[in-house]
Structures are given as C-alpha cells and as structure tokens.
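Asks: Sequence:
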Amino acid sequence: MTTTKQQKIRVGLFAVVAGALFGVVLVVFAGLHFWQSRSRYYIVFDDTVYGLEKGADVHVNGIRVGTVSGIGIAPDDLKKVRVEIEIREDAPVRTDTKAILQYAGLTGLKVIDLRGGSLTSPRLAPGGIIPVGETAIDKLQERAQRMVDESTELIANANEIVSSTQQVVTNLTEVTDPKHLGEIVEQTRAAAANLAQVGVAMRALIDDNRAGLKSSIAAIETAAKRTAELVDPTQVKAAVSDLRQASRSFKELAREVRQKPSRLFFSNPAPDRKLP
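For the sequence shown, position 275 matches number 275 in our numbering, and the numbering has no gaps at all.
Hints are computed from structural coordinates only; laboratory data are not their basis. Just so you know, these numbers come straight off a predicted model, no measurement behind them. Hints may be right or wrong, so weigh each one.
Said to hold, decoys possible - Calculated lysine to any residue pairs in the SDA-like style (CA-CA distance at most 20 angstroms, straight line):
#, residue 1, residue 2
1, LYS80, LYS98
2, LYS79, ILE100
3, LYS80, LYS8
4, LYS79, GLU134
5, LYS98, GLY127
6, LYS79, GLY62
7, LYS54, THR107
8, LYS98, PRO131
9, LYS110, GLY55
10, LYS80, VAL44
11, LYS98, ARG115
12, LYS5, LEU21
13, LYS80, GLY62
14, LYS110, GLU84
15, LYS54, ASP113
16, LYS54, ALA104
17, LYS80, THR48
18, LYS98, ASP47
19, LYS8, GLY19
20, LYS110, VAL16
21, LYS98, ILE63
22, LYS110, PRO131
23, LYS54, THR67
24, LYS54, ARG38
25, LYS110, GLY19
26, LYS110, GLY62
27, LYS8, ARG38
28, LYS54, SER69
29, LYS98, GLU84
30, LYS54, PHE22
Can you make the complete structure from the sequences, with help from the hints?
Replies: In structure tokens form, the structure reads like this:
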C-alpha cells in the first residue's frame, strides 16, 4: 500500500516537471507569442504569391518580427491577392515602408521582408496597407520587358525599311527595262515633235500679223501722200475714197482678230486690197 502511494507521488512529480519543461520550451521557442501585443497589417500584391504560405515569416530588413496570418483574394479586385500579417507592435513600420516578397531558400518557399522607411515619416497605423516594393529581380524583369518591346519595334521598323527598299528596287527595275526605256524615248520624241510644230505655227502667226500690219500701214501712208499731192476736187475725192477704203480694210482686219482669234493660227491671211 505504501509502495503505491510513492508511485503516485513520483508520477505526479514527473507530470509537474514535464509540464514545467513544456512551458519553458513554449516560452523559449514561441518567443512569448501569447504575451506580446501584436499589430495587424495588410499587403496587396498585383501578381501571384505562389510559394507564400500561411505562417510564413515576416522580416524587417532581415529581422523576424511576425508571421503571415492570412492569404486571400482581394475583395475589390479578383486579380489581386491580399496578404494579412501580424507583427510585433514595436516593429518600425512607417508610411514609406515597402513589402517585398523574397525566396527563403532553394525550397521555393517565400517570406515577406519589410524594407525602407525613415524616422521622419509617420508610423503606419495598425490595419493599414503596406505598399509593395520592387526587388532586383523585378527590376531586371521590367528592363527585360522594355528591351523586348523596343526590339519588337526595331524589327517592325527594319521590316518597313526592307519593304521600302524592295519597292525602290522594283521601280528601278521597271524604269531600266529596255521595253520601258524605248517607250520613254518614243514619248520624248513625240513631245519634241509637237514642240517643233508649235514653234512653226507661232512663227507663221507672227509673220502673218506682221504682213497684215505692214500692208495696212502702207495703205494709210499711200493715201496720206496722195492726199498731200492732190490739189483739185477730183483728186481730193479719189484720195478720200482711198482713205475710206483703207480705213474699212483696217477695221475689218481688227474685227476679225477680235471675233475669231483662232483664225490667226489655223487660216491663211486675207489677200491685200489694192488701192484704185
């Protein structure tokens, strides 16, 4: 009977000691999680967060300050992911602090690292949204995308230049073709012949007008001389008749030129009238 009591006492002592040890282990490894006050923040990612799991560590410049407490789709945008984190209340989270998604190692698992922030910036209130920052890989990807876009544009411009060059070569081939050269030469000869005909017609027109004017002037001069030489009424009447005839001839010539200018180019001049 005494032996049974001693065994119970030993079992009780063992349980107390084990519980105490378990409590010490919780305090040491859990970091007084249950007694520390914590702050909750949110991070909204535009892209996938593949590799980030609930319970993943949250760091501030590499120092562990909390964990990821929730992951879900953003309520206002199905393309975005909202991550909920719980960190120590004394963690330096400022309004200009950035959240960066980092690989924890070769396993593919990811953690959240909070970077940046200055002492002059105000502290971000609990429940606020921490903006997402860019990593070196993100910057390289962005530059690579810009290079791809620029390369695509350069290729398109090069294709346009090649097409233009081919068109120029085609045009030169058509121009230098002997058949086309012969047609160009024939057209040039025909144009030269037409110009020569126009020159001849112009020259004839000038000669015709000059002859008509000369004949009219000569008639007027003859009439004037005969008028000056006349002294008797019979000769005066003859001179007046000649002047009237010359005046009518000159008026008819002027009227024909005004009414039908084309006759200067396509008809022969009227024969000179002879004075009686």
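Asks: Could you run down the list of hints and mark each one as holding or not?
Replies: Here's how the hints hold up against the structure:
{"no.": "1", "hint": "LYS80 / LYS98", "verdict": "holds, 17 angstroms"}
{"no.": "2", "hint": "LYS79 / ILE100", "verdict": "holds, 18 angstroms"}
{"no.": "3", "hint": "LYS80 / LYS8", "verdict": "violated, 60 angstroms"}
{"no.": "4", "hint": "LYS79 / GLU134", "verdict": "holds, 19 angstroms"}
{"no.": "5", "hint": "LYS98 / GLY127", "verdict": "holds, 15 angstroms"}
{"no.": "6", "hint": "LYS79 / GLY62", "verdict": "violated, 29 angstroms"}
{"no.": "7", "hint": "LYS54 / THR107", "verdict": "holds, 16 angstroms"}
{"no.": "8", "hint": "LYS98 / PRO131", "verdict": "holds, 5 angstroms"}
{"no.": "9", "hint": "LYS110 / GLY55", "verdict": "holds, 11 angstroms"}
{"no.": "10", "hint": "LYS80 / VAL44", "verdict": "holds, 7 angstroms"}
{"no.": "11", "hint": "LYS98 / ARG115", "verdict": "holds, 5 angstroms"}
{"no.": "12", "hint": "LYS5 / LEU21", "verdict": "violated, 24 angstroms"}
{"no.": "13", "hint": "LYS80 / GLY62", "verdict": "violated, 25 angstroms"}
{"no.": "14", "hint": "LYS110 / GLU84", "verdict": "holds, 15 angstroms"}
{"no.": "15", "hint": "LYS54 / ASP113", "verdict": "holds, 15 angstroms"}
{"no.": "16", "hint": "LYS54 / ALA104", "verdict": "holds, 14 angstroms"}
{"no.": "17", "hint": "LYS80 / THR48", "verdict": "holds, 8 angstroms"}
{"no.": "18", "hint": "LYS98 / ASP47", "verdict": "holds, 16 angstroms"}
{"no.": "19", "hint": "LYS8 / GLY19", "verdict": "holds, 16 angstroms"}
{"no.": "20", "hint": "LYS110 / VAL16", "verdict": "violated, 40 angstroms"}
{"no.": "21", "hint": "LYS98 / ILE63", "verdict": "holds, 15 angstroms"}
{"no.": "22", "hint": "LYS110 / PRO131", "verdict": "holds, 18 angstroms"}
{"no.": "23", "hint": "LYS54 / THR67", "verdict": "holds, 8 angstroms"}
{"no.": "24", "hint": "LYS54 / ARG38", "verdict": "holds, 17 angstroms"}
{"no.": "25", "hint": "LYS110 / GLY19", "verdict": "violated, 35 angstroms"}
{"no.": "26", "hint": "LYS110 / GLY62", "verdict": "holds, 13 angstroms"}
{"no.": "27", "hint": "LYS8 / ARG38", "verdict": "violated, 42 angstroms"}
{"no.": "28", "hint": "LYS54 / SER69", "verdict": "holds, 6 angstroms"}
{"no.": "29", "hint": "LYS98 / GLU84", "verdict": "holds, 15 angstroms"}
{"no.": "30", "hint": "LYS54 / PHE22", "verdict": "violated, 25 angstroms"}
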